[in-house]
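Each chain is listed here by its residues.
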Amino acid sequence: MGDGLPRLPDVQRGYDVHFTFNGDSIRARAGETIAAALLAAGRRTLRHSARSGAPRGLFCGMGVCFDCVVMIDGSECVRACVTPAADGMIVTSVSA
Amino acid sequence: MTSTELLVVGAGPAGLATAIESAKAGVRVLVVDDNLRPGGQIYRQLPAEFEPTLPLRRKADFRNGRALMAEADAAGVELRLGSTAWGSFEANVMEVASPAGPERIRSERTVLAAGAHDRAVPVPGWTLPGVFTVGGAQALLKNQRVLPGRRMVIAGVGPLLLVVASQLSEAGVDVVAVVEPASRWAALSILPALAHEWPLLADGIRYRTSLMRRGVRWMSRAVLTRIEGDQEVTAAIVSRADERWRPVPGTERRFEVDAVALGYGLLPSLELARVCGCAVEYDAGQRAWRPIRSVHFESTVPGTFVVGDGAGIAGAIVAAQEGRIAGLTVANQLGRLTLEETDRRRAPYLNRLLRLDRCRRAIDRAFALREGIFDAAGAATIACRCEEVSFGDLAEAVQDGADTPAMLKSFTRAGMGPCQGRMCAASTTEWLARRTGQSIEALGLPPAAPPAKPVVSLEALAAE
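From first to last, the protein sequence lines stand for chains A and B. Counting from 195, one number per residue, gives the positions in the first sequence under the numbering used here. Counting from -10, one number per residue, gives the positions in the second sequence under the numbering used here.
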C-alpha cells in the first residue's frame, strides 16, 4: 500500500461516500468509480490472480480487460473501473 | 421485447452522429451503451456529481461531446446507458444486458459503433498494479481527474501516445520519459498530409511544444523491455531500438517510476460485429482485422452497419463522418429520405472522408508496427492476462501441434477469459505467425461466439 494518488482540484466532487475494501474503510466522493477512489486512497492492488496469486490492479481503465474485477456486497462481481462507489458498499477482492 | 426502427450500439462520436442523422430524418432511434455516461472514450462526460471548473468545462473534448449530445437530444434520440449489447441469435434482434435485466431489442436496422481499445504488447512485468494502457491512464485522468501515478514512463507508438503524455504532464505527473520505437522523423512524415486538416496539425504541435516546455524526455528509437516491481511497479527498463524495433543489447536504462502507461495504437472492437455475423478482412496497414463494408458502411449482413473506430482506426472526426453517412443511408433505406436527398446530404461527409483518408494513410504508414516490438516478451512473460498463460505455455502448445489461433486457444485457454482476447489475441497471433512462418491473414481468427462481452460469465466468476 503506497501513498494515495492525487485528485486534481479542477472539479468539485460530490458529497462523501464511505465504503469498505477488504474490511478497511475508504472515503470516496460521489461520482467516483471504485477504482479511482481506491487509487486515491493508495490501494492499487485490487486482487490476486487465481493461478499464481500475482497482484493485479487497474489496467485498461475502460471496462474491457476485466483485470479490476471486485466483488460488491458479497454477491456481484463488477469492474471497479466503471462502477461508481456507493455509500455502505462492501467491496472485497476476488481471486480469479 | 422492445422495438425500434434503428438500434445503434455505442454512444461515442460514430454512434451519436448516426443516431442524429437518422432521427432528424424521422427515424425512431434507440442508442445503447455499456457506459454510464455517453460520449465514448473521447467525449465521455464527467460523472453527473462532478462540477467542473470553467477551464475544464472549456476543454475541447468536453465541449464537443456536450454539443453532440445536445444535438442528439434535440433530434429526439433515445439513449440507454449501462446497457451492454452482447449478441444476436436471430436476425434484427439484439440481446442486451441492461440495469433492469436482460432485454431483447428488435430493430429494422442496426448500426454498430463499438469503438476501439488499446493494443497492449506484452513485456515482462506488464501485469503489475501500476501498469496501465495509455487509454486507461487517460480515462482515469479525463473522467475521474485522478492521477494514475506520480512518476511515469509512457511507452508505445501513435498519436494517442503524444496526446496522453502531454495531458499527464500538464496534470502534474512527472513524466520521466516517453519511449517510442519509431524514428524521430516518423511524426514529421505526416505533416504534408495534415496540411488540409490544420486543427489536427495545430493540436499535434501544441502537444509537442507543451512536452518540450516541460522538459519531458522524448526517446525515439527506444523500446520498453521490462517493468520491475515485487508487488507493484517500481521501475521501467528501456533499451535503444533498432530499425526493426528490436531492443539493442547492452543499451538498457532504468527509470525508477511508480507507474507505466503502454499502448501501441488501437484495435477495433470487432467482437459484437463478428458475433452478429459480419465478415472481416485483414488490413495489413493497420495490422488488424476490420469488417468488410460497402461505401456507405453496410456490413456483409444486410441491414447491419459498422462505423467508427470499431471498423478500423481513424479517430473521432472520421468516426463522425461515417456515422452521419450511415445514419442518412438508414433513413433512405427506411423510406424517410429520397435517394436524391440522401445523396445531397451525404456529399459533404463523403468529401470530408476523402480528404481525411490521406491523413489516415500517412499516420498508418508513419506508425506501422514492426515485428521487433514483440521481442521483449520471454518464455515466462504472461501472454494472456485473464488465464495467466505464458509464452512458454504457448510454445509447448505449438510443439504439441497447435498451429492456428483457434487451436492455440483451445490448447492453452489463452483468450478464453473475461476479456475474450481483447488484451492478448492480437499479440499471441503475431507471436504464432512468427513462430510458424505463416501470415496473420492465413492464420485467421478463432470463431466468434456470444456473449461479445461477458455478461453471463461474471456471475459464474462470482460463484467461484
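These aren't lab readings, by the way, just hints derived from the structure by calculation. Hints may be right or wrong, so weigh each one.
Here are the computed distance ranges between Cβ atoms for each label pair [said to hold, decoys possible]: (1) B:T425 x A:D267: 45 to 53 angstroms; (2) A:S219 x B:R344: 53 to 61 angstroms; (3) A:G282 x B:G324: 25 to 33 angstroms; (4) B:R344 x A:D218: 51 to 59 angstroms; (5) B:T223 x A:G282: 44 to 52 angstroms; (6) A:T286 x B:A89: 34 to 42 angstroms; (7) A:I284 x B:T42: 41 to 49 angstroms; (8) A:L202 x B:D62: 50 to 58 angstroms; (9) A:L202 x B:D219: 23 to 31 angstroms; (10) B:A431 x A:H212: 52 to 60 angstroms; (11) A:T286 x B:D62: 38 to 46 angstroms.
Positions of the beta carbon are idealized from the N, C-alpha and C atoms, including for glycine.
**OP:** Sort out which numbered hints this structure fails and list those numbers smallest first.
**Re:** 3, 5, 6, 7 and 8
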